[in-house]
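Novice: Residues per chain are reported as follows:
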Amino acid sequence: MNTGARILVVDDEPAILRAVKTLLTRRGYGVTIAATGEEALERAVEVDPQLVILDLSLPSMSGFEVCRRIREWSRAPILVLSVRDEEADKITALDFGADDYLTKPFLAGELLARVRALLRRASDVVSNPLPSVIRTGQLSVDLIERRVVFAERTLKLTRTEFSILGELASSLGGVVTTRALLKGVWGADATESDQIHALRVHVSHLRSKIEPEQGRNAYIITEPGVGYRLASLPVQC
Amino acid sequence: MDNLSFRTRFPVLFSMLVAGTVLVLVGLSMALVPHEGFAVGERFALALVVVVGVVARVNGLRAGVVAALLCTIALVAAEVVFVGRPSGVDTVDFVVDLAIFLTVAMIQGIQTGEQRDQEREMLQRRHETDLLVRLSAQLVPDSQLTGVLEGLSDGLRELLGNRKVTLFVNDGEGGLTVVREAASRTVNADPELLRIAKWVLHNAAAVGPTSPSCHGTHGELEQFVPHVTASASSERDDMFLPLVSMSGVEGVLCVSAGSDGAPDCHEVATLQFIAKLLAMFQERKRLAESAAQIQSVVEADRLKSALVSSVSHELRTPLAAATATVSSLLEEDSGEAQLPQVARDEMVFVADALHELDGQIARVLEYSRLEASQWRPSFEWNDINDAVAVVRDAFPQEVQARIRLELAGSLSPYRFDFVQLTRALHHVVENALSYSRSDVIIRTQPAGDGVTVLVEDAGPGVPDSEKTDIFDRFHRGSAASCRPHGTGLGLAIVRDIVDAHAGRVWVEDIEGGGARFVVLLPNAARDPEEVEYE
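From first to last, the protein sequence lines are chains A and B. Heads up, the first sequence is in the working numbering, so the first residue is 456 and it goes up one at a time. Heads up, the second sequence is in the working numbering, so the first residue is 217 and it goes up one at a time.
The shape of chain B in the complex, shown without the other chains:
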């Protein structure tokens, strides 16, 4: 702004000064310089043509045309005042001279004005191009929006005069954050400005003064919605442009009207282009931040997996050695190493404790693996009755005798992760066995597009107040006194695995006593691509 010349800042005053200077010089020349052979009117007329040219050069085409008309009137006035009213043949000569003068003045005014307008237009384009190039260069993912906005507002002031620019950014929760109000150091936006900006965010529509009707010269410009439609109390001069990217509305650019009034079509087109650039920048920045977060999560999962693997090896190796040794001593055909009964009973106790320890380690490691965000079920066709049989067969022989299977015949294969579902069912059955002294029954039933597995026991049941809580991590139910050992993770693992299959698991009471755990996979017969899995 400081570099703008006097001529640019005060064009009308400049024109008047120039015109006045020329007229003074002409007047002095008429008074002081002999003018034989060169009539006063001719000299004056030439001076007036110069004035028309200067005015058109400074103020443009329209000013040039007005100046030509005014100068023609001035010439007539000067002729009458200094020479006298023409008559007879002189009148005809005068009119012809006047017509010629008017034509020449008009041509001068129009050509000079047009040239000036074109030069200004080119200068404007160059400023806009420079601004857009600067803006594009600034828009790298790690740049700060406040810095971008400062550069933007400086450039906009060059192009559009004294305009205030406010940038709102989508906070991802349906609201807006004010990044910066340029030309002001505050970050408190006018509440009505914020309200209109939110409307623009949710409707992805531009709000502003009357739409400029300049299609064809600037392509398809966005239509503007009136302010009152966007919850404003009255029409305003501000323009609100949504920053629309491929992902949605990234924010809102608000440009207030300056002293020149609402922007013309060309300025609107430039602002819309700037809005698109800002939208792209914000989208790229957001995606870069998401990628960095994902990378952090991936790294955390990798470390977690490495820890799980290490813990698994370090804990299970000595456990394996102890289990192999103890179980070897208990083998019936251990030949000469027959143990006394007391020692045998103690060894059985040790073997059971080792087995329990292995189970606890397995549950903790299993839960850690499930928590890792990379785990997803492997949906393959599998036989649900086969899965139930595998669950039963994984228990020791003496425990298998307490498990009864009542399986639906001729079930089609269903899509589920065999390994994970058998683990889930194992936890449900193990839980039922631990709380019930009698048999546990496992049933399979078709259920619409899916399948249900029910595990029934004759234990104390689950109180209504705990029916939901028992699937929470580390929850130990009120009947836990029957089962002193436990991490409280088994049923939480069940819920996580069933949830990942878009299924449900719940517990209900059995008439006459006992609990029934129901695992429902409602979409197990459908193509996984048709189902929304978490």
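Okay, chain A solo, but in the shape it has when bound:
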């Protein structure tokens, strides 16, 4: 049971608010709800949530705008929950500062797993704002020493492979868009198809070195049409 974590849930549909509040409250989270963008911003200031679950289709103020304004002063993870499943919406939400995106309808287990991962990441950031070593599952990424260890075995990565893994590790658990990856690895002008081709090749090579089972991506998860995520898994020493 998770006690004390403050979660703000924003949705204009009473049925969704009721279902999500019930689901999270039963798991020990402290839940505050809001039905409009304006109410969400007020509640956010009042309760200073550790996580925001936000619907995009809100009356009067869009979810994108709420996301942007919360991000101006809060580093709390934002999980977007929406019926809109177009990739463009997901990318826009991530560009506005969201950390993850879940399409409705969703299974309770999915939502809970995302909530746990985001809270764990936020907690790690609070305790160590500038982590040099990022751990997930059996993987350890040392950003300063540029060393990657998997299951106590040091991996040999190329410079580009390490850059890609470093970008993903820096946003552990969150989605990094393809565009952000290209810019992080190849620079501001890296949007050409050649770089995308190279990205796919390097990610494929990274997976062959990191993933324990070929064809099953447990660590580097593809977000179709959006980008990649380095899964936040319980650390195994």
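Hints were generated in silico from the structure; no laboratory data involved. Fair warning: there could be bad hints in the mix.
[What the hints assert, rightly or not] List time: in silico EDC-like cross-link candidates among lysine to aspartate or glutamate, alpha-carbon distance up to 20 Å:
1) K476/A with E565/A
2) K520/B with E542/A
3) K476/A with D503/A
4) K520/B with D540/A
5) K520/B with D503/A
6) K664/A with E607/A
7) K683/B with D665/B
8) K638/A with E596/B
9) K476/A with E547/B
10) K501/B with E389/B
11) K664/A with E647/A
12) K414/B with D453/B
13) K664/A with E622/B
14) K414/B with D387/B
15) K380/B with D480/B
16) K520/B with E541/A
17) K664/A with D597/A
Since the structure is predicted, the reported quantities are computational estimates derived from the model, not experimental observations.
Fit chain B to the known structure of chain A by using the hints.
Specialist: Then chain B, alone, in the frame of chain A:
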């Protein structure tokens, strides 16, 4: 036509009347008016000069020269008849007088004739310019061709005499539509006229009488093909001009020969200019109509997208609430809310039904989006093995255990729309899982410039008679009794997505039983700009 004067309509008769009047007056003056100091011949000669001038003024240069010669002969005749044959010194005087008269008459005839010809030429140019200005003003995209043709034919009658004008318009299917035959209220063209016009349409070449050899004075005029080359039974006097725009041949302008015979080079140049104007007009009209149609389609797509978005929200929101509630109750760590087994079994049933409902809604919405003409694949480099892994991982854990991957190693990235292809493969795999109780195998293989994804199951297979039909909308196969629920859209969506990638999808039998669905993307390794996508 009604406003043309007697002089213009009957120039020869007018000339003769004037000449006759002058001669009568001269004759009367010689008979009745004393003429001392002014010889008969001199008076007659002056009168004849006037006649030459009048004839040249009315009929032009050539008529003036002929009149000068005739009047000279008339003067000789009058001198011999009224005065008598000259002799000795008188003969020399007479010949000199005659030479002077002929010279003066010729000069009069030539100058007056040339002046008249130039004035007529200027009048002709002014008429042509007026006609072309009127035609240009009429040629706005929303004007009707019949109205344009009426104005055109009226103007052409002024310029070219009594000519019949027929306008044929390209119907877009290789044929011609007769817009109007001017100077007639019927729209039934002579069959041979239509045949020649079709030849002109397909060959973009002008057909007409002998090409006028006037290059240099009117620039490069189009060469005319003989009528018999254009499938006519014999040579005719009609002229057929193709209306050629930047998009192709918009139609054919047919001008029949009038009573004046075939048009001269200047008239041909004017007609060719008119043909160019009409071609531009027709092209603009056609493009304006296409733009209006596209606008309608865009608006319809926008409304369809708005409807899809609305339906998506209205249906999925209560579905999301129900799914979240049911799945929450089924979570193992639901603490004190432990359900009795019977209730749990019922909740599992409800959860499955909700999931199925969501799948059906997703398929309908997906199909609506694909039907919208604005959708085009986003061709980015992607890892096909990654796409297959994503497809497998999207199924519930217990279903993933039934999916085996046999992926080709070291495949290069290929160009495809990751989201759409994974949706297509999801439908193929879902279809295979629903008809087969055993494992489903997904393989990837390179294929020339592209890649193949195969999905194999051990189900009942697909009868030969249905191998094509199963990709049609709303088709439910004969094995549908194994799977009572379904919209019949899944495989239709697969075909649409694969078609948009210029690929192919088909089903074949597996030896020993089962079906193999093959998705082939033959150009996935090539630059999309080199491939013709629909």
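Novice: Could you tell me which of the numbered hints above are not met by this structure, giving the numbers in increasing order?
Specialist: Going through the list in order, the structure violates hints 5, 7 and 11 and respects the others.
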